[in-house]
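Enquirer: What follows is the residue order along each chain.
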Amino acid sequence: MLGTRGKLLIVDDSSTIRRSIERHILSDRVTEIYQAANGHQAMELFERYGPEFVTMDLTMPEMDGLTCISKMMALKPDTRLMVISALGDAETAIEAVERGANEYVVKPFSAEDLNLALANLVAGS
Amino acid sequence: MNDEEIKVFIDGVVRYFQRVTGEPAAVDPPYLKGEASVTLDFTGVIGISGRRRGAVYFTSGAEQLTELLHRLGEKKVGFSDHQDLVGEVANTIAGNARQYFGSEFLISVPIVLCGRSDKISFPRHLKSFVIPITWRSHRSYLIICLERAAADRDAPGPSSRSDVIVARQT
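Residue numbers (this note's numbering), protein chains in the order written: chain A, -1 to 123; chain B, 3 to 172.
To be clear, the hints were calculated from the coordinates, so they are not data collected in a lab. Warning: the hint list may mix true and false statements.
[Said to hold, decoys possible] Estimated spans, in silico, between C-beta atoms of each pair:
{"hint": "1", "chain 1": "A", "residue 1": "E20", "chain 2": "B", "residue 2": "G117", "range": "22 to 32 Å"}
{"hint": "2", "chain 1": "A", "residue 1": "E30", "chain 2": "B", "residue 2": "A28", "range": "53 to 63 Å"}
{"hint": "3", "chain 1": "A", "residue 1": "R46", "chain 2": "B", "residue 2": "P31", "range": "48 to 58 Å"}
{"hint": "4", "chain 1": "A", "residue 1": "I92", "chain 2": "B", "residue 2": "K9", "range": "34 to 44 Å"}
{"hint": "5", "chain 1": "A", "residue 1": "S108", "chain 2": "B", "residue 2": "A28", "range": "13 to 23 Å"}
{"hint": "6", "chain 1": "A", "residue 1": "I92", "chain 2": "B", "residue 2": "S51", "range": "14 to 24 Å"}
{"hint": "7", "chain 1": "A", "residue 1": "G122", "chain 2": "B", "residue 2": "G104", "range": "25 to 35 Å"}
{"hint": "8", "chain 1": "B", "residue 1": "S82", "chain 2": "A", "residue 2": "N118", "range": "44 to 54 Å"}
[To be verified] Counterexamples of contact, computed for chain A against chain B with all Cβ distances above 12 Å:
{"hint": "9", "residue": "R16"}
{"hint": "10", "residue": "R17"}
{"hint": "11", "residue": "Q39"}
{"hint": "12", "residue": "M41"}
{"hint": "13", "residue": "D55"}
{"hint": "14", "residue": "M58"}
{"hint": "15", "residue": "D62"}
{"hint": "16", "residue": "A121"}
{"hint": "17", "residue": "G122"}
All residues carry an ideal CB built from backbone N, CA and C; glycine is no exception.
Bound-form chain A, shown alone (with noise of 0.2 Å):
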C-alpha cells in the first residue's frame, strides 16, 4: 500500500467541511475524489468504487461512522482510513483505531494539520 495511487472517498455531513478536504488534497496520489453526507452513501459509494483511502466522520444521520468503518474494512481490510472528528476523547479514538483507522485527527484542524494528515493518509506513513 506504501506509496500507492488511487481513489479517495471524503465522508463529513458537512458539506464545508468535505469542500475543505478536497481542497487541501496536494498530492497526485489522489487520482478521483468522491463526496458522502451520510454513513449509507458512503457504503453506496464505497462498494461501486472500492476507493484506497477515506476520511470519515463519526457523528452522521443514518449510519455513523464507526459502524461505517466496520462495514468497509471487512469489504476491503486494505483501506487507508482517516477519522476527520470533533469527538475528541480516548475511548472513541481506540475504538476507531480498533475497527480499522490508520489516523485519528481532532476537529477543530488547521490548514497546515490537514495537510499533514493528509499526506500521510495517502503516502501510507
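For chain A, the structure is supplied; the task is to place chain B on it using the hints.
Expert: Here is chain B on its own, set in the frame of chain A:
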C-alpha cells in the same frame, strides 16, 4: 454545571477560532440566561444525552459565518453554507467536550434553526449559561444547558424527566 465544566466549553470556543482562523476569539464572562434573547441569524443545536442531558447551542450572525467560510477557503457563500457551518461549529465544540466528560457524553447530529429569538425555546427547568464570543468585532454566543442524567444523580428531582425539549421551530 460548575465553573470547571463551563470552562471546558470556553476552551472549546477559543480553540475553534484559533485553529480555524489563526486569530483568537475574545470570550466575555458567562452569565445565566434571562428573558432577553441571545439568538442571532443562525443557530446550531446539539442535543446531549447519556450521563448529561440537555443541549449546546451556537448562535451567530450571517456576517461572521460568511467571514469564517472565507477563512475556510470558500469563495461563494450562500444561505445553505451558513446553515452548514453553524451546525458544524456547534458539533465541533460539543464533540470536543467529550475529552472532559468522557464517551458517555453523547452528542446528536446538528439541528439548525434560522431566524431570531421567537423560534427557539430553552428548557425552563434548567439553567442556561451564555458565553459571549467576539471575533473580529462579530458577536456570537455559545449557550450551554445541561443537567446530570437521572442515573448519574444521587437524588432525582423534578428536572429528571426524560424528554428534555431543547428547541422547536415555529
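Enquirer: Now tell me if each hint is right for this structure.
Expert: Going through the hints against the structure:
1. A:E20 x B:G117: 22 to 32 Å: Cβ of E20 (chain A) to Cβ of G117 (chain B): about 31 Å, so the range 22 to 32 Å holds.
2. A:E30 x B:A28: 53 to 63 Å: violated (43 Å)
3. A:R46 x B:P31: 48 to 58 Å: Given a distance of about 53 Å, which is inside 48 to 58 Å, the answer is holds.
4. A:I92 x B:K9: 34 to 44 Å: Hint violated: Cβ distance 26 Å, outside 34 to 44 Å.
5. A:S108 x B:A28: 13 to 23 Å: 20 Å Cβ-Cβ, so the 13 to 23 Å window holds.
6. A:I92 x B:S51: 14 to 24 Å: holds (22 Å)
7. A:G122 x B:G104: 25 to 35 Å: holds (33 Å)
8. B:S82 x A:N118: 44 to 54 Å: violated (32 Å)
9. R16: violated (10 Å)
10. R17: The assertion about R17 (chain A) is violated, with a minimum of 7 Å to chain B.
11. Q39: With a cut-off of 12 Å, Q39 (chain A) remains clear of chain B, as the shortest Cβ separation is near 14 Å.
12. M41: holds (17 Å)
13. D55: violated (9 Å)
14. M58: violated (7 Å)
15. D62: Violated, because the least Cβ-Cβ distance between D62 (chain A) and chain B comes to about 9 Å, which does not exceed 12 Å.
16. A121: holds (23 Å)
17. G122: With a cut-off of 12 Å, G122 (chain A) remains clear of chain B, as the shortest Cβ separation is near 26 Å.
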